[in-house]
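Go by the hints and put chain B onto chain A.
Line order of the protein sequences matches chains A and B. Using the working numbering, the first residue of the first sequence is number 1, and each one after it goes up by one. Using the working numbering, the first residue of the second sequence is number 322, and each one after it goes up by one.
Treat the hints with care, as some may be off.
[Said to hold, decoys possible] Where chain A lies over chain B, by a calculated footprint (3+ residues, C-beta under 8 Å):
1) 450 to 456
2) 462 to 468
3) 611 to 624
4) 630 to 636
Hints in this document: simulated from the structure, not taken from any laboratory. Just so you know, even glycine gets a beta-carbon here, dropped at the ideal spot from N, CA and C.
What follows is each chain in one-letter form.
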Amino acid sequence: MSIKKSLKSIDAIFWFVGVFFIISLIFVPGFAQFSAIKSLLSQTCVLMVLACGVHLTVLNGGVDFTSAALLALTTVVGGSIISTGGALGGSGLAIFLGIVVMLLLGAGFGIINGFSVVTFKMPSFIVTMATQMLVNGLAVVYTGGSSVTGMPAAFGSFGNGSIFVIPYILIIAVLVAVCIHILLTKTLLGRQLYAVGTNPKASLISGISTKKTIFKIYVISGLCAGIAGVIELAYMQSGSVNYGSTMFNDIMGSIIVGGTSPLGGRGKVINTVMGAFLITMIGSVLNILSVPYYMITLIKGLIILIAASLDLVKTKKSMAQ
Amino acid sequence: MEKAKKQPSTVGAGKKFVDLFCTYGLYFIFIVLIIFFAVQRPNFFSVSNFLLILKSSSVLGIAVVGMFFVLIVAGIDISVSMNMYFSAVIGATVLNSMELPLIVCFLAAGVSGLLIGCINGFFVAKVKIVPFIVTLATYSVAKGLGLFFTNQQMVFLNSSVMTLANAKVFGISVFVFIFLGIVLIAHFVLTSTQFGRQLFACGNNLVGANKMGINGPRTVFLAYAICGALAGIAGMLSACNLSVINPNFAQGDEFVVISSSVIGGASLFGGKGKVLPGAIIGIVMIQAIINGLTMMGASAYSYTIFRGIIIFIAVMVDSIKFSGEIR
Numbered sequence: 001m002s003i004k005k006s007l008k009s010i011d012a013i014f015w016f017v018g019v020f021f022i023i024s025l026i027f028v029p030g031f032a033q034f035s036a037i038k039s040l041l042s043q044t045c046v047l048m049v050l051a052c053g054v055h056l057t058v059l060n061g062g063v064d065f066t067s068a069a070l071l072a073l074t075t076v077v078g079g080s081i082i083s084t085g086g087a088l089g090g091s092g093l094a095i096f097l098g099i100v101v102m103l104l105l106g107a108g109f110g111i112i113n114g115f116s117v118v119t120f121k122m123p124s125f126i127v128t129m130a131t132q133m134l135v136n137g138l139a140v141v142y143t144g145g146s147s148v149t150g151m152p153a154a155f156g157s158f159g160n161g162s163i164f165v166i167p168y169i170l171i172i173a174v175l176v177a178v179c180i181h182i183l184l185t186k187t188l189l190g191r192q193l194y195a196v197g198t199n200p201k202a203s204l205i206s207g208i209s210t211k212k213t214i215f216k217i218y219v220i221s222g223l224c225a226g227i228a229g230v231i232e233l234a235y236m237q238s239g240s241v242n243y244g245s246t247m248f249n250d251i252m253g254s255i256i257v258g259g260t261s262p263l264g265g266r267g268k269v270i271n272t273v274m275g276a277f278l279i280t281m282i283g284s285v286l287n288i289l290s291v292p293y294y295m296i297t298l299i300k301g302l303i304i305l306i307a308a309s310l311d312l313v314k315t316k317k318s319m320a321q
Numbered sequence: 322m323e324k325a326k327k328q329p330s331t332v333g334a335g336k337k338f339v340d341l342f343c344t345y346g347l348y349f350i351f352i353v354l355i356i357f358f359a360v361q362r363p364n365f366f367s368v369s370n371f372l373l374i375l376k377s378s379s380v381l382g383i384a385v386v387g388m389f390f391v392l393i394v395a396g397i398d399i400s401v402s403m404n405m406y407f408s409a410v411i412g413a414t415v416l417n418s419m420e421l422p423l424i425v426c427f428l429a430a431g432v433s434g435l436l437i438g439c440i441n442g443f444f445v446a447k448v449k450i451v452p453f454i455v456t457l458a459t460y461s462v463a464k465g466l467g468l469f470f471t472n473q474q475m476v477f478l479n480s481s482v483m484t485l486a487n488a489k490v491f492g493i494s495v496f497v498f499i500f501l502g503i504v505l506i507a508h509f510v511l512t513s514t515q516f517g518r519q520l521f522a523c524g525n526n527l528v529g530a531n532k533m534g535i536n537g538p539r540t541v542f543l544a545y546a547i548c549g550a551l552a553g554i555a556g557m558l559s560a561c562n563l564s565v566i567n568p569n570f571a572q573g574d575e576f577v578v579i580s581s582s583v584i585g586g587a588s589l590f591g592g593k594g595k596v597l598p599g600a601i602i603g604i605v606m607i608q609a610i611i612n613g614l615t616m617m618g619a620s621a622y623s624y625t626i627f628r629g630i631i632i633f634i635a636v637m638v639d640s641i642k643f644s645g646e647i648r
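Chain A on its own, in the form it takes in the complex (with noise of 0.2 Å):
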């Protein structure tokens, strides 16, 4: 293979990140400094983890809105069983209690979503939808609006830590990406789901119980979010309802960036992984040259539309070959 052609079969989201990087940590004052490009690794974990749980929603064609909100209500929850003030007094029973309760319920959450999905058809950008309101509902009445605070030291030292230049929270969030990379590239499940995504009826027809592929697919997803609460709770030490409130367009921004085609059955973890990664970089370049919240919200979406409309370009284009 030629240099030309191994180029080419990089991914362009590769080029968009590299390019992207290199370019801020010239243009950019403030960014090439060593506490700078950690805070930006530390701030990817949380979108990582979502927007990996959400990309297996994607593939089957389908999404999942919750996850984001899960993160408020997964925050508070934990928060208020490890925290130094709570029943257990924030020891390292509470730490591991709090940390199982938040997966519970990211994953029972994800099993309300796969049910109605599977069992009643219903769409699912609705069902997570309505499932979304229900969270941040529960989580505002729980909390009364307020925020949770007093993490023990522990939990303090996990989530802020780092070896080298790499914190702790980035090593559990590639971890992530990993296993879900196996999942899709090694496992039987992983092959079904692709299968899914690009033709529900095919699949079927050649003996792939769909409605079981589906409903997994939805609680990893909300595992996820778990495990994105647990990030989150560590590396903020405080558990809030406000988190994930407008995280949903970065999750999905991180995906299409990524090439992942939202018709679902195509689409690699590894690029929705740098999608989160360029999403992130964008926000914190906008933060550092003090673009103004609202300028950010309207480039954010403008980049959902371009990426979209690109990968659509492309497909039609690698038809007509």
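Coordinates of chain B only, in the frame set by chain A:
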């Protein structure tokens, strides 16, 4: 999420119950809730409260009518709430800075709503991106634009809007008549014009409609444009009603609008829906429940939970009905 599953052939009490629940279940729940509210709070069943519910329904009801057009062509418009915000901001700016008559402000709001609607329509119909991705993106764009024009501040409307908000004909708010007028026009367009029938055709089977010589993309585009324009008018009316535009104006209203449309008989799978009783029934039911909850003194946070449950049940019923039909 189309799956080629056959309906279970067991015809028994269970299936009958499901059928009954799908047809009358929501109305049953609604009536039980209304009786509950009426018993708990006698004021709930008064004429003045009923008129209040009608007035608050009329504002969002206009957006519901727009949503019907989009749902009929098997689309969805999530951007409707931020479209309302953006258009209301534009209308209010025109009103406050130029001292023009109110009708011009409504026109300005309608045009800015139309603009967002055209963007949605272009990307859905011409570029052929999935509707909810497009409208999610325009949601952010419209929100960003609205915050840009207001500089993230509250906007107080000129006092002239109060005359409209308090205007009454035969003791009924003029809002209700505006809403009814729009419903009647929409009903006429959907049932008695060529365009209306083309909308249903595209919603039922876009490929088939295209083969029959209907300009599918144009029809879908127009549906989104109409939805946008009506959302703009609804936004301006809502701003007149409140006489102030907060930065979180209309946030979450997209859920109310979509669930009202589905309760009112529009299907998320397209090709179905009668605006004339549907849009009115849907929005009045939702607003009556919200009004009842307010009177019960329920926490404002619990509304979100109730809205979530309502939209969930409405869509569940719609989906069960859909899988029973042969397309």
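### Query
Which of the numbered hints above does this structure break?
none
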